[in-house]
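Asks: If you read the protein sequences in the order shown, they are chains F and X. Each residue of the first sequence is one higher than the last, beginning at 11 in the working numbering. Each residue of the second sequence is one higher than the last, beginning at 3 in the working numbering.
I should point out that these hints are in silico values taken from the structure, not numbers from a laboratory. Each hint should be verified, as a subset may be incorrect.
To be clear about the criterion: a stretch of chain F counts as covered by chain X if any three or more of its residues have a C-beta under 8 Å from a C-beta of chain X, and this derived list gives those stretches [to be verified]:
no., stretch
1, 164-177
2, 221-234
3, 303-310
No residue lacks a Cβ here, since even glycine has one placed at the ideal position from N, Cα and C.
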Amino acid sequence: MTAPADELTPGERVRRLLAAEPLDRVPVNAFASAYTAVLAGVSFRDYYLEPAVALRCQQEAAARHGWDGSPSYAMPGWGTWDFGGEIAFPQARDGGFPFTSRPVAETPAEVEALTVPDPREAPATSRTLEFARLAWAAGIAPCITGGSPLFEAVQMIGAERLLRWTRKEPATVARLLELVTDYILRIADVFIAEFGAGNCSVFEAFPTESQAVVSPAVFERFTLPCEVRIHEALLARGVTTWVIHLCGDHRRTLRLWRDAVPLPERPLFSIGAEMDLLEVGDFFGESCIVGGNVPTTLLQTGSAAEVAAVAGACIARGRRHPGGYVLMPACGLPPHARPENVDALVDTARLHGRYQTVAS
Amino acid sequence: MTRSHEDILTDLAGAVVEMDDERAGELAHEALAAGLDAYEAIQQGLVAGMERAGELFESQEYFVPELLLCSDAMGVALEILEPHLSVAATAGERVGVVIGVVEGDTHDIGKNLVAMMLSVAGFEVHDLGRDVPIAAFVDRAVETGARLICLSTLMTTTLDGMGDVVRLLHERGLRDRFRVLVGGGPVTRAFAGHIGADGYGVNASHAVEVARELAGVPA
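With the rest of the complex left out, here is chain F:
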């Protein structure tokens, strides 16, 4: 079956979604980063080290697939690199995401000695800024990272050390997260000064806070104070567009998100396959948008027909949420996802995600 043509452009669709206005169909955000590099035949190294290359890859992939998300860029392990650690790219096979090759700190004393970098000079964030400038010149809104500080701290000092320290050295973990939060806000100030708060969006992801990894108590003790601070500060500065990716299972901390974290009027909660689109939507209420949650492994290893079936089920469930729904993968699009499966996401939204009320 041929998918009907769209009535709105991606930009119009996203603007209407955020304004809670009628749409032609369910929007699709492919949550893509290095996938666009693989699609263009570019190495992970060139993609992440050359913002102009990353922007070109993102634009080409968006044009190829017709998805609705804007190009965005963030270096995995940015905290490590910017705070003085080292990152490296895997040598094996066809490369992969950069990883921490030398941690920022290995002792509490080394954490105490850390200072917040200057985002304009720091190796990772200066690239994020360069990407934002290039994108802005092409009419694309910049995106500020909101963390999570805990996830960034995992990259900076190593997962096992950080997780042990949540119990053995809690004051050090709190201090490290405070430093990362200071840095996030400093980065945000640079973005806001250059592009204006109203033009910036925030993206934040919480993989470490999943209840497959840490307890709700760790979220409450360490992440929550940082998120309250980040959200209060950015909302006060006038940033209103927010994507919050709850990666994995967060069911036991949703209450804290709703009741303790200051949220913008129309937050988009992108959720993993471990949670239910409608339940999360109901929980946060009609003002929130929900996104998700097509399993990422399916996008890499499944057939287009399988992806279409699962995406159709997601649309059927997600669109029942009155606040709005975005068809998305359950997490970042796998770099080696099959392009025909990404096409299947967009085609399924066009075929089965149409709304009764046609936009005018």
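Chain F is fixed; fit chain X onto it per the hints.
Replies: The following block gives chain X in isolation, referenced to the frame of chain F:
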């Protein structure tokens, strides 16, 4: 006054569950001083404690940090007790397992937990570490006479490496000799079936259950 063996074993298990490495070390010394057999102290004290920690993890009362610290406490006591194991206690046949994170991925926390819990469950664990070349899994399994190959990854970029291990076993005519168990963030039961693996572990303690089933080792 010397305490009963039963009390010492109970406290050893408790020290592991309570993540108290200092206390676990003291109790290991006390066990030896009280004439407890080192093997019994390990099995009925430390292993019992770690199994309880695994149950708490399953029921989401414990999480990864707690499991790591339980494992640390067990490690402290194990270091004290192991030199006192009798030859007879260590002579029994243990099922060999080769485990590692597939090439291209350096995330090893899940693999480390599974390796530790397999060891506690009585397997002979050959931990190849992280970013392990595909052929190394097969070579080491052949070399050690292992019966299981356990593969872990957190990244979708390295998922294909798991299928490559299974393919290599076929190519070398070794597929029937080894059981392959896979796990990690992006791995699903369907993916395990897709690449022809024999088992899939949802999390660390489940991986041990599946390993036992695959190797025919009773719990």
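Asks: Each hint needs a verdict: does it hold in this structure or not?
Replies: Verification of the hints:
Beta-carbon proximity to chain X at under 8 Å applies to 6 residues in the stretch 164-177 of chain F; the threshold of 3 is reached and the given coverage holds. Under the rule that three or more residues need a Cβ within less than 8 Å of chain X, the assignment of the stretch 221-234 of chain F holds, with 6 such residues. Closer than 8 Å: that is the beta-carbon criterion, and the stretch 303-310 of chain F has 5 residues meeting it against chain X, so the requirement of 3 holds.
Hint compliance for this structure: every hint is met.
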